[in-house]
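J.: Listed below are the residues making up each chain.
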Amino acid sequence: EPEVTQTPSHQVTQMGQEVILRCVPISNHLYFYWYRQILGQKVEFLVSFYNNEISEKSEIFDDQFSVERPDGSNFTLKIRSTKLEDSAMYFCASSRLAGRNGELFFGEGSRLTVL
Amino acid sequence: AQSVSQHNHHVILSEAASLELGCNYSYGGTVNLFWYVQYPGQHLQLLLKYFSGDPLVKGIKGFEAEFIKSKFSFNLRKPSVQWSDTAEYFCAVKAGRNQGGKLIFGQGTELSVKP
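Heads up: the protein sequence lines correspond to chains A and B, in order. Residues 1 to 115 (this note's numbering) are what the first sequence spells out, left to right. Residues 1 to 115 (this note's numbering) are what the second sequence spells out, left to right.
Isolated chain B (complex conformation) (with noise of 0.2 Å):
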C-alpha cells in the first residue's frame, strides 16, 4: 500500500533560519506530489506541486520542494523563515494509474517559528 512519512513531528526554527522537512513515500510508479500547509484556524491550501518535468518546484510564500525519484523524496525548503510561516505542513501523494483524486497524507509536520 502506497504510504507518506514526514520524518519531524515539531519543528521549532528562529525567523530568517533556513527549513527543510522531510517528506518520503513508498511507490515504485508514477506520482503526483503535493505539500500543503495549514495555518492555526484555517483550511488546508496548497503550497506546491509536481506533476512532472523540473524536478525543483516553485511554491507560493517562498517555499520549494524538490523531487528525488531515486530517494522516493520530496523535502520542502524556504531559505528563510518568517514568524508568519507558523502552521502545520502536510506532504500528500496521488499515486497509481488510477489516479481518481485520492490524496494520501503525511501525519503533517507542526512548524513554529520564533519572532
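Chain A on its own, in the form it takes in the complex (with noise of 0.2 Å):
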C-alpha cells in the first residue's frame, strides 16, 4: 500500500539552525499538507501547496516557513532560523484530490527538537 513518508523522524537541533524536513508524499497525488502538534497540544496546519505554489497558510506559517517541490517527488519543510517555540511532530500529508473528497493520508511525523 502506499504511503507518506518523512525523514528524519527525529532531528535535535541548536536555537538558530536551519532545519530541512523531507516528505516524499504518493506518487499519484497532487496536494500536499505540513501539519504540526506541540507536544500535549492539537495538530494544527501550517500550509497546504497544489501546483508548485502555496494555496494556503495559516498564521503560524511565518517568513521562517518555506516549502518546496525540488523535484518530481520530495516535499520539504524549510525553518530557517529555528526557535525553541517550534519543537514539535511535523506531519506531511498528501492527497489525490481537494475539497469534499480530498482524504488526506498522512506520514509517520518528523520530531525536530530545539535546544
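Rather than coming from a laboratory, the hints here were simulated on the basis of the structure. The reader is advised that the hints may include incorrect statements.
SDA-like, lysine to any residue: derived pairs with alpha carbons at most 20 Å apart [stated by the list, open to error]:
1) A:Lys42 with B:Lys69
2) B:Lys61 with A:Glu103
3) A:Lys42 with B:Tyr27
4) A:Lys78 with A:Glu103
5) A:Lys42 with B:Gly41
6) A:Lys42 with B:Asn32
7) B:Lys58 with B:Gly41
8) A:Lys42 with B:Pro40
9) B:Lys69 with B:Ser5
10) B:Lys71 with B:Gln6
11) A:Lys83 with A:Leu115
12) A:Lys42 with B:Val11
13) B:Lys49 with B:Ser14
14) B:Lys49 with A:Ala98
15) A:Lys42 with B:Lys61
16) B:Lys114 with B:Ser84
17) B:Lys114 with B:Ile12
18) B:Lys61 with B:Tyr25
19) A:Lys57 with B:Gln2
20) A:Lys42 with B:His7
21) A:Lys42 with B:His9
22) A:Lys42 with B:Gln107
23) A:Lys42 with B:Leu46
24) B:Lys114 with B:Ser14
25) A:Lys42 with B:Gln2
26) B:Lys71 with B:Asp85
27) A:Lys42 with B:Asn8
28) A:Lys42 with B:His43
29) B:Lys69 with B:Asn24
30) A:Lys57 with B:Ser3
31) A:Lys42 with B:Lys114
32) B:Lys61 with B:Leu46
33) A:Lys42 with B:Ser112
Stretch-level coverage of chain A by chain B, calculated; a stretch enters the list once three of its residues show a Cβ under 8 Å from a Cβ in chain B [what the hints assert, rightly or not]:
34) 13-26
35) 103-113
On the chain A side, residues computed to face chain B include the following (Cβ under 8 Å) [stated by the list, open to error]:
36) Phe45
37) Ser48
38) Glu68
39) Phe91
By construction, the Cβ of each residue, glycine as well, lies at the ideal position given by its N, Cα and C atoms.
Put the complex together from the two separate chains, hints included.
T.: Below, the structure written as C-alpha cells:
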C-alpha cells in the first residue's frame, strides 16, 4: 500500500539553526500539506501546496517557514532559524483530490527538538 | 473561526468495555467529518469519515461514528474495545465552501485499554 514517508524521524538542533524536513508524498497525489503538533496540543495546519505553489497557509507559517517541491517526488519544509517553540512533531500529508473527497494520507511524522 | 473540541484527554478502559469518544465542532455550514487514529510510533490513519447521507458511519476495526447535526457532534463509538485499540484518536473537520483540504483537528484523546 502506498504511503507518505518522512525523514528524519527525529532531529535535534540548536536554536537559530536551519532545519529541512523531507516528505515523499504518494506518487499520484497532487495536494500536499504540512501540519505540526506541539507536545500536548492540537494538530495544527501549517500550509497546503498545489501546482508548485502555496494554496493556503496558517498564521503560524511565517517568514521563517518555506516549502518546496524541488523535484517530482520530494516535498520539503524548511525552517530558516529555529526557535525553541518550533519543537514539535511535524506531519506531512498528501491527497489525490482537494475539496470534499480529498482524503488526506499522513506520514509518520518528524519530531523536531530545538535546544 | 472553526474549531473542534474533544471532550476527553485520556480515557482508560478494560478490554471488552464499550467506548464513546466525544467530538464537537463549531461551524454552521456544510462540513466533512473525520476520525483519525495514531497507534504508538505510527502515522495518522483514517478510521472513518462522513461526507453526506446516512449519519451513522462505519469505519475500520469495528468503529462507528454518528453525525448529529443539531448537536454539532460526531462521536466515535466501539461496542467492545481491545488492547490493540490503545492509541490516540483525533477528530477533524473540513468546513466551508473552500474545502481545499485544510483539516482542523481536535486536541486528541489518548485511549489506554487494559488487558
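J.: Taking the hints in turn, state whether each one holds.
T.: Structure-based check of each hint:
1. A:Lys42 with B:Lys69: Distance of about 23 Å is beyond 20 Å: violated.
2. B:Lys61 with A:Glu103: Since the Cα atoms of B:Lys61 and A:Glu103 sit roughly 18 Å apart, the hinted pair holds (cutoff 20 Å).
3. A:Lys42 with B:Tyr27: holds, 18 Å
4. A:Lys78 with A:Glu103: The given pair, whose Cα atoms are some 25 Å apart, is violated under the 20 Å limit.
5. A:Lys42 with B:Gly41: holds, 17 Å
6. A:Lys42 with B:Asn32: The hint holds at about 19 Å.
7. B:Lys58 with B:Gly41: Roughly 25 Å between the alpha carbons, so the hint for B:Lys58 and B:Gly41 is violated.
8. A:Lys42 with B:Pro40: Measuring from Cα to Cα gives roughly 17 Å; hence the hint holds.
9. B:Lys69 with B:Ser5: holds, 15 Å
10. B:Lys71 with B:Gln6: The given pair, whose Cα atoms are some 14 Å apart, holds under the 20 Å limit.
11. A:Lys83 with A:Leu115: This hinted pair holds, its Cα atoms lying about 8 Å apart.
12. A:Lys42 with B:Val11: holds, 17 Å
13. B:Lys49 with B:Ser14: violated, 26 Å
14. B:Lys49 with A:Ala98: holds, 15 Å
15. A:Lys42 with B:Lys61: Violated, at about 24 Å.
16. B:Lys114 with B:Ser84: holds, 10 Å
17. B:Lys114 with B:Ile12: Cα-Cα ~7 Å, so holds.
18. B:Lys61 with B:Tyr25: At roughly 24 Å apart (the allowed maximum being 20 Å), B:Tyr25 and B:Lys61 break the hint.
19. A:Lys57 with B:Gln2: holds, 15 Å
20. A:Lys42 with B:His7: holds, 13 Å
21. A:Lys42 with B:His9: holds, 11 Å
22. A:Lys42 with B:Gln107: holds, 4 Å
23. A:Lys42 with B:Leu46: At roughly 17 Å apart (the allowed maximum being 20 Å), B:Leu46 and A:Lys42 satisfy the hint.
24. B:Lys114 with B:Ser14: Within the cut-off at roughly 5 Å; holds.
25. A:Lys42 with B:Gln2: holds, 14 Å
26. B:Lys71 with B:Asp85: violated, 27 Å
27. A:Lys42 with B:Asn8: Given pair A:Lys42, B:Asn8 holds - Cα atoms ~13 Å apart, limit 20 Å.
28. A:Lys42 with B:His43: holds, 15 Å
29. B:Lys69 with B:Asn24: holds, 10 Å
30. A:Lys57 with B:Ser3: holds, 17 Å
31. A:Lys42 with B:Lys114: This hinted pair is violated, its Cα atoms lying about 25 Å apart.
32. B:Lys61 with B:Leu46: Distance of about 11 Å is within 20 Å: holds.
33. A:Lys42 with B:Ser112: At roughly 19 Å apart (the allowed maximum being 20 Å), B:Ser112 and A:Lys42 satisfy the hint.
34. 13-26: violated (count 0)
35. 103-113: n = 7 at 8 Å, threshold three: holds.
36. Phe45: holds, 5 Å
37. Ser48: holds, 5 Å
38. Glu68: Since chain B brings no Cβ nearer than about 18 Å to A:Glu68, farther than 8 Å, the hint is violated.
39. Phe91: holds, 7 Å
Consistency note: the structure conflicts with the earlier hints numbered 1, 4, 7, 13, 15, 18, 26, 31, 34 and 38.
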